[in-house]
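Work out the full structure: start from the sequences and follow the hints.
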Amino acid sequence: GDSVTQTEGLVTLTEGLPVMLNCTYQSTYSPFLFWYVQHLNEAPKLLLKSFTDNKRPEHQGFHATLHKSSSSFHLQKSSAQLSDSALYYCALSDRGSNAKLTFGKGTKLSVKS
Amino acid sequence: GGIITQTPKFLIGQEGQKLTLKCQQNFNHDTMYWYRQDSGKGLRLIYYSITENDLQKGDLSEGYDASREKKSSFSLTVTSAQKNEMAVFLCASSMDRDTGQLYFGEGSKLTVL
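Chains A and B supply the protein sequences, listed in that same order.
Going by the working numbering, the residue at position 47 of the first sequence is 53; the numbering climbs one at a time, nothing skipped.
Going by the working numbering, the residue at position 53 of the second sequence is 144; the numbering climbs one at a time, nothing skipped.
If you're looking for bench data, these hints aren't it; they were derived computationally from the structure.
Treat each hint with caution, since some may be false.
Taking lysine to aspartate or glutamate and the EDC-like style, the derived pairs with C-alpha atoms no more than 16 Å apart in a straight line are [claimed, not checked]:
| id | chain 1 | residue 1 | chain 2 | residue 2 |
| --- | --- | --- | --- | --- |
| 1 | B | Lys-200 | B | Glu-176 |
| 2 | A | Lys-83 | A | Glu-21 |
| 3 | A | Lys-51 | B | Glu-197 |
| 4 | B | Lys-100 | B | Glu-197 |
| 5 | A | Lys-111 | B | Asp-129 |
| 6 | A | Lys-106 | B | Glu-160 |
| 7 | A | Lys-114 | A | Asp-90 |
| 8 | A | Lys-111 | B | Asp-150 |
| 9 | B | Lys-200 | B | Asp-129 |
| 10 | B | Lys-100 | A | Glu-14 |
| 11 | A | Lys-106 | A | Asp-8 |
| 12 | B | Lys-162 | B | Asp-145 |
| 13 | A | Lys-106 | B | Asp-145 |
| 14 | A | Lys-51 | A | Glu-64 |
| 15 | A | Lys-114 | A | Glu-48 |
| 16 | A | Lys-114 | B | Asp-129 |
| 17 | B | Lys-109 | B | Asp-156 |
| 18 | B | Lys-174 | B | Asp-129 |
| 19 | B | Lys-113 | B | Asp-150 |
| 20 | A | Lys-111 | A | Asp-8 |
| 21 | A | Lys-74 | A | Asp-100 |
| 22 | B | Lys-174 | B | Glu-106 |
| 23 | B | Lys-162 | B | Glu-197 |
| 24 | A | Lys-106 | B | Asp-150 |
| 25 | B | Lys-161 | B | Glu-143 |
| 26 | A | Lys-114 | A | Asp-8 |
| 27 | B | Lys-132 | A | Glu-14 |
| 28 | B | Lys-200 | A | Glu-48 |
| 29 | A | Lys-83 | A | Glu-64 |
The structure displayed is predicted, hence computed values, not measured ones.
In structure tokens, the structure reads:
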């Protein structure tokens with residue numbers, strides 16, 4: 007079945023340093039990949055979604071590239087900000103699954119000054 | 092824009108009790124979901140529904156029932172609460188069953204005494 011594997015646990019960074027959160031996946035079909043972000047006491051919300059035409063999605067300084075050869079969709083940002091501290095989920099939607107979204111276990115990012 | 096409202100926000104019950112969580116959306120979305128959020132385990136799908144009166148089991152459906160009597164509402168029942176079910180339950184909805192973009196509510200936190 008489908009599965010998503012993320013950088014485990016907590017990632018702690020100093021403000022201004024680059025961010026990279028890993029995400030790899032297994033899927034039967036050619037899936038859509040997503041990154042969701044959840045700030046403390048808020049609902050998760052969509053941050054990025056993969057495109058079918060190999061464009062690199064970007065939002066709020068974050069970007070991710072879908073690499074089908076390595077089954078990866080790593081989240082990157084060139085310079086971390088304090089406000090980036092949150093829980094990040096990678097997820098996939100298998101086009102054969104009739105709307106079901108599979109999430110990874112989440113990576114908590116803590117950015118310190 | 093729309094909103095997803097979950098009630099109650101906090102629910103305290105006794106072990107063995109039957110407990111119900113409710114979710115309302117005004118996006119006019121077809122598909123609705125219930126996810127369980129546990130620290131370190133990510134978001135796990137309990138039930139989802141692609142239309143009124145439809146129910147589809149997720150990976151974690153045992154011990155739960157769901158009901159979709161109206162397009163705008165989706166309820167989840169814990170049939171017999173157990174102490175290891177202290178978690179946050181997230182309701183979500185989506186418009187397009189293929190894109191996987193979900194809109195989440197802020198969650199209902201369940202505590203079992």
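Structure-based check of each hint:
no.: 1; hint: Lys-200(B) - Glu-176(B); result: holds (10 Å)
no.: 2; hint: Lys-83(A) - Glu-21(A); result: holds (12 Å)
no.: 3; hint: Lys-51(A) - Glu-197(B); result: holds (10 Å)
no.: 4; hint: Lys-100(B) - Glu-197(B); result: holds (8 Å)
no.: 5; hint: Lys-111(A) - Asp-129(B); result: holds (9 Å)
no.: 6; hint: Lys-106(A) - Glu-160(B); result: violated (20 Å)
no.: 7; hint: Lys-114(A) - Asp-90(A); result: holds (10 Å)
no.: 8; hint: Lys-111(A) - Asp-150(B); result: holds (14 Å)
no.: 9; hint: Lys-200(B) - Asp-129(B); result: holds (11 Å)
no.: 10; hint: Lys-100(B) - Glu-14(A); result: violated (28 Å)
no.: 11; hint: Lys-106(A) - Asp-8(A); result: holds (10 Å)
no.: 12; hint: Lys-162(B) - Asp-145(B); result: holds (10 Å)
no.: 13; hint: Lys-106(A) - Asp-145(B); result: holds (14 Å)
no.: 14; hint: Lys-51(A) - Glu-64(A); result: holds (15 Å)
no.: 15; hint: Lys-114(A) - Glu-48(A); result: holds (14 Å)
no.: 16; hint: Lys-114(A) - Asp-129(B); result: holds (13 Å)
no.: 17; hint: Lys-109(B) - Asp-156(B); result: holds (10 Å)
no.: 18; hint: Lys-174(B) - Asp-129(B); result: holds (13 Å)
no.: 19; hint: Lys-113(B) - Asp-150(B); result: violated (20 Å)
no.: 20; hint: Lys-111(A) - Asp-8(A); result: holds (14 Å)
no.: 21; hint: Lys-74(A) - Asp-100(A); result: holds (14 Å)
no.: 22; hint: Lys-174(B) - Glu-106(B); result: holds (6 Å)
no.: 23; hint: Lys-162(B) - Glu-197(B); result: violated (20 Å)
no.: 24; hint: Lys-106(A) - Asp-150(B); result: holds (10 Å)
no.: 25; hint: Lys-161(B) - Glu-143(B); result: holds (5 Å)
no.: 26; hint: Lys-114(A) - Asp-8(A); result: violated (22 Å)
no.: 27; hint: Lys-132(B) - Glu-14(A); result: holds (10 Å)
no.: 28; hint: Lys-200(B) - Glu-48(A); result: holds (13 Å)
no.: 29; hint: Lys-83(A) - Glu-64(A); result: holds (10 Å)
Checked against the numbered hints given earlier, this structure breaks hints 6, 10, 19, 23 and 26; the rest are met.
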